[in-house]
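Protein chains: 2
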Amino acid sequence: MKIGHKKKNGDVMTAKILINGYGSIGKRVADAVACQKDMEVIGVTKTKPDFEAKMALEKGYKLYAAVPERAHLFEEAGLEISGTIDDVIQDADLVVDGAPKKIGKQNLENLYKKNNVKAIIQGGEKANDAEDSFNSLWSYDRCYGKDAIRLVSCNTTGLCRSLYAIDSITDVLKARVVLIRRAVDPNDSKKGPVNAIIPSTDVPSHHGPDVESVIKKFKGKIISSAVIVPTTLMHMHSLMVETTGATKDDIVDAIAKTPRIFTVKASEGLDSTAALIEMSRDMGRLRYDLNEIPVWEESINVIDNEIFMMQAVHQESDVIPENVDCIRAMLQMEEDNIKSIEMTNKAMGLLK
Amino acid sequence: MKIGHKKKNGDVMTAKILINGYGSIGKRVADAVACQKDMEVIGVTKTKPDFEAKMALEKGYKLYAAVPERAHLFEEAGLEISGTIDDVIQDADLVVDGAPKKIGKQNLENLYKKNNVKAIIQGGEKANDAEDSFNSLWSYDRCYGKDAIRLVSCNTTGLCRSLYAIDSITDVLKARVVLIRRAVDPNDSKKGPVNAIIPSTDVPSHHGPDVESVIKKFKGKIISSAVIVPTTLMHMHSLMVETTGATKDDIVDAIAKTPRIFTVKASEGLDSTAALIEMSRDMGRLRYDLNEIPVWEESINVIDNEIFMMQAVHQESDVIPENVDCIRAMLQMEEDNIKSIEMTNKAMGLLK
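Protein chains in written order, with the UniProt record's numbering: chain A, 1 to 352; chain B, 1 to 352.
Mixed in with the good hints there might be a few duds.
One copy or any two copies: either way a pair holds, since identical chains are not told apart in the list.
Unchecked claim - Pairs of lysine-lysine, DSSO-like flavour, derived with a Cα cap of 30 Å: (1) LYS8 - LYS265; (2) LYS59 - LYS190; (3) LYS190 - LYS102; (4) LYS37 - LYS8.
These are calculated hints, taken from the structure and not from any lab test.
In isolation and in its complexed conformation, chain A is listed as follows:
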């Protein structure tokens, strides 16, 4: 019986997903998977019995120790685990890795491949650590049926969406992007900067090539630089895209037609990343996640066929629906990327 297809009794054969690392990305992917009709969370893992582990149990997820040797810590903390990752990994159709940077690659080599289970690793890993790099709009087909895929970072995902909108109406000759990156996620009280701007002095930054790992035809065309600034809410991108021609109206229309990216107006009070997050809080979004990419409509301008625009990226959440689509592609549950996007969006309650 094929995953995602209906059984004789009308039930859908669901994909069994294990979340290895129930942290910033992992907990969000778990919730996004749990609300899909064609997949289920068979368990989540944690390395330690912290508040997130406790809340995973309260939500009804089966909890497993990510590191078998540390299983006793959970018992000592009074948290009921269903075993260690070794007890559950064979039951999974696919593992979504939510481990910190570099650990994902280790997990892929030492755990997922050895257990012959498909896996998604996150954007902190390198492009050549996996078979391919995933974005729902650009590389769904390429990742179809694959065993080990890297889901690109929040910034790369955001750029892939806006470049998809632009590419739908004109040809991209060269794109320059300056990324103004948030310092840390909101829950991180250890690191800074508190009052400084930190340049990424490797210019161009790695973000351009990372976009190119998804969009092969843009090879050598995306040049990026980045700075880190003292804010926690969102990243921001200033895009300058040389094209063969487009109008502002074309771009606004193209964004309207592209999934998971939308225009906002500073004139309506959405004049900063803080205002965007306030909107998301008012929308009642879980954890105030803004999975879609907002583009400031006033910032869109075309001069000499070069498109200028500014967008924001909610670093914690824009990749979450992409993880769900990636599962469908890798498990061959849906051939059409747009159909998968629509299923994911509907289940998650996304704008578009």
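Chain A is already provided as a structure; the job is to place chain B on it using the hints.
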């Protein structure tokens, strides 16, 4: 007797400078003027008897009420004023205006022109409010002998210096600049953002045209966008300059030869705006002012004849030596801009 020339007794005939508005810019210009051999501060004005007014008196500056009707406030606060601006303006060879945005233009029309005194207004005013826009490297000759000149903003001054270095070795075809602006000056505890990135949704921003008001030959070639971020120390610029060709070594050499701009190495620990300011504090600079523009050497890169580089701008102080040079130009005290720059730098103790 001509200002700046030696009298028979060997003394230099000094230019009499009035500082109207002893605030962020005014107090720094006062100190920079006071240490030059060929000019003197005949007085400074304040609108209210605050700590800066008190410290002006302690430094030995003659204090005048900027608004005659408020003179009594100074007496009531126990601060000895030498009169109001009306009592001193006729004695000045030139007034340096340090008033807030838009007030400078009003002062020029209602005060300086009526009293037939030369005046410098600051970069918050618009280009067409004055006869021309000043930068020591680019428009000294144009402003020579003029009566009303605008000294461009800190960001524009910073860009004029780096573009001068680049222009000295290659031809600029198009420059794109993204400005990451500090939120407020360090003494401002009223405004934010505290945790947000604010886009300037007018893209391109006004900074490009402002550079072009100084460098006429770059008309239409400088495109800028800007965001405001939660930091107080310095602005930062990410430059992307299309040229007819240059190497990294060319650029480093050109920066070394250009006054008031220098390269720093992140690898030496100067890896953020905070580290740059720490360096300036360690240098013993008054108010930790870093009047020179630091460019991160690691960030300098050339791809397809396009120069990439990142620089920081100490918003409170980079324009200060330019004000001194502007005085010399407007009062025809020195014909050679490089000689004026050298005099100013030496007196202020600048690096170069």
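Status of the hints after comparison with the structure:
1. LYS8 - LYS265: neither (49 Å within a copy, 68 Å between copies)
2. LYS59 - LYS190: Within one copy, since 28 Å is at most 30 Å while 42 Å is not.
3. LYS190 - LYS102: Answer is within: at 20 Å inside a copy they meet the 30 Å cutoff, but 42 Å across does not.
4. LYS37 - LYS8: within (16 Å within a copy, 96 Å between copies)
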